[in-house]
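Asker: From first to last, the protein sequence lines are chains A and B.
Numbering-wise, full-length UniProt numbering puts 77 at position 77 of the first sequence, and it's gapless, one number per residue.
Numbering-wise, full-length UniProt numbering puts 288 at position 288 of the second sequence, and it's gapless, one number per residue.
Simulated from the structure, these hints should not be mistaken for laboratory data.
Heads up, a few of these hints could be off.
[Said to hold, decoys possible] Which chain B residues face chain A? A few, computed with CB under 8 Å, are given here:
{"id": "1", "residue": "Phe107"}
{"id": "2", "residue": "Val110"}
{"id": "3", "residue": "Val183"}
{"id": "4", "residue": "Asn188"}
{"id": "5", "residue": "Glu189"}
All C-beta atoms in this analysis are idealised placements derived from N, C-alpha and C, irrespective of residue type, glycine included.
Each chain is listed here by its residues.
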Amino acid sequence: MSLLEARGLICHFGGVKAIDGVDFDLEPGEVHALIGSNGAGKSTLVGLLSGRIPVQAGSIRFDGRDITRLPAHARVACGIAYAFQITSVFPRLSVFDNVALAVQRTGARDLRAGTMAALDRVGLAALADRLAGALSYGHQRLLEIAMGLALAPRLLILDEPTQGLAAAEIDSFKALVRSLPATILLIEHNMEVVMDLAGRITVLGNGRVLARGTPAEIRANPVVQAAYLGGRDADA
Amino acid sequence: MRMLALHLGVLAVLAAAQFLLPAYHHTNAARIMVLAVYAIGYNIAFGYTGLLSLGHALFFAAGMYATGLLVDRGGEPWLALLAGLVAGGAVAGAVGLLALRTAGPAFMIVTLMFAQAFHLAILYWGGFTGGDEGFTLSGAARRLGPLDLADPTTRYFVALALVSVAMLGTLALVRSRLGRVLVAVRENEERTRMLGYDTFRAKLLALMLSGLASGAAGSTYGLMFGYVGGSFAAIQYSILPLIWVLMGGAGTVLGPLLGTALMFYLIDLSSSVTTASQAVVGAALIGLILFAPRGILGTLRERGLRGLP
Ligand SMILES: Nc1ncnc2c1ncn2[C@@H]1O[C@H](COP(=O)(O)OP(=O)(O)OP(=O)(O)O)[C@@H](O)[C@H]1O
Ligand SMILES: [Mg+2]
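Generate coordinates for the entire structure from the input sequences, incorporating the hints supplied.
Answerer: Structure below.
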């Protein structure tokens, strides 16, 4: 059975059909990449799944349960975590407190141990006492990821996690994703990361699904090549 | 640990002050300490959770009137005091259920309207509440068991006990998991929600704790000084705790006490030399905004005292 089943999702912003009738499934344990040009609707789609943006039409089931109307915070309790595209750590709180907020949400007994373990996974343990706002951009991205995985989610949604990371950091990010037990939904412009990590890929364009398949199938798909891979976004 | 010692030290100094200060200051100090409890309550909502309310006089007065009306009709003072606490917290909860559907300026307006409505109700039902003139409490009504609140020394130590509980309670709160969530709501509510927190509930809880402390302050203020009146429900009493907290440092544990004491003596001293004491207060506030926009302790915290809770 699928972990997540979305059917007929629609989200229009005024005249902009950001998401226009999308079906979407995630299998337990898979790493699924969501790609598409700028403005294709990727962030909007995961916004609908995570509950940040209300669904206008359609339905979402998670682990067999209808979560279409569930508020965002309750979806986190179900096991859906979302790491923001625009880094939104708490800049005036310490790195430790940022992650501790996520860890204490899971009801962990030993807050310090859980927090340091999550920081360790992204290599930020040594910076625990710094203010988050004082970190470099790349480190803030890693902190954002640490907050997501500290929630111990069953589905972790990462919105362009490697944006702004250095090559070495991207390598350790890939190793990190491979080591996670959770199902991962990854929005990513870096095609090398996508091809490396993803078991399946969904291509979005103008709020609709253009194609879906394994990396090899996507690479070979003429529609995708025309609309995306060969297009102006190949720079990524 | 060092921070706990600092706060205990401040309380010890206050206890010693009773023996060192001339008697003139005892009543002032008791007044300041009770009002500081009000400021501490306000700080939970405003300083830590980011809820800028303009209606806290409602919670202060709810506590004061609940207690005052009960003892005035012969109620047991201990129970009346308890009723004051409950009234502050419960009224804050009820107001929060509606007002917290809004945020920012709308929240300010809605809380202001609730407080104004209560003030007008007190004036309108003057036969029951004593209206604008209020009513005084008899000696018997001000006796908590063996504690006679009309006695200056007793009053001083009761006020000290109350402010100690409020201060150490805030210290425990801001170091707790709940405190971390409240600060997160203040810093970025949307992000906090996406970490799985029901931020409406967190804000409601903060407002109720805030109302509880405000109610406690109002309740004891009435008992200690023997007077309950409509002016305590007026808008001025909603603005005062905001000013005290801004002055001492919003989101610091000691700030409310410091701000309350400074403002009190600023008015006290300036009105002894000029009739324009309000102008002195205004000038002090302008200076504060220009040179220490985060309040005295908030600015100190920025300049190196980072561990200050
Ligand atoms: N809150 C909003 N109000 C109005 N329009 C919006 C809103 N959010 C997104 N849009 C529009 O919806 C479309 C899809 O946006 P979305 O952010 O989902 O794209 P994306 O695929 O994530 O793009 P990017 O790769 O740039 O992050 C865009 O045209 C965008 O301008
Ligand atoms: Mg996006």
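Asker: Each hint should be assessed against the structure and marked as holding or not.
Answerer: The hints, checked one at a time:
The beta carbon of B/Phe107 comes no nearer than 20 Å to any beta carbon in chain A, farther than 8 Å, and the hint placing it at the interface is violated. Because the beta carbon of B/Val110 sits about 22 Å from the nearest beta carbon in chain A, more than 8 Å, this interface hint is broken. A hinted interface residue such as B/Val183 counts as satisfied when its beta carbon comes closer than 8 Å to some beta carbon of chain A; here the least separation is about 7 Å, so the hint holds. Checking B/Asn188 against chain A: minimum C-beta separation of about 6 Å stays under 8 Å; hint holds.
Interface hint at B/Glu189: violated, since its Cβ lies 11 Å from the closest Cβ of chain A, which is beyond the 8 Å cut-off.
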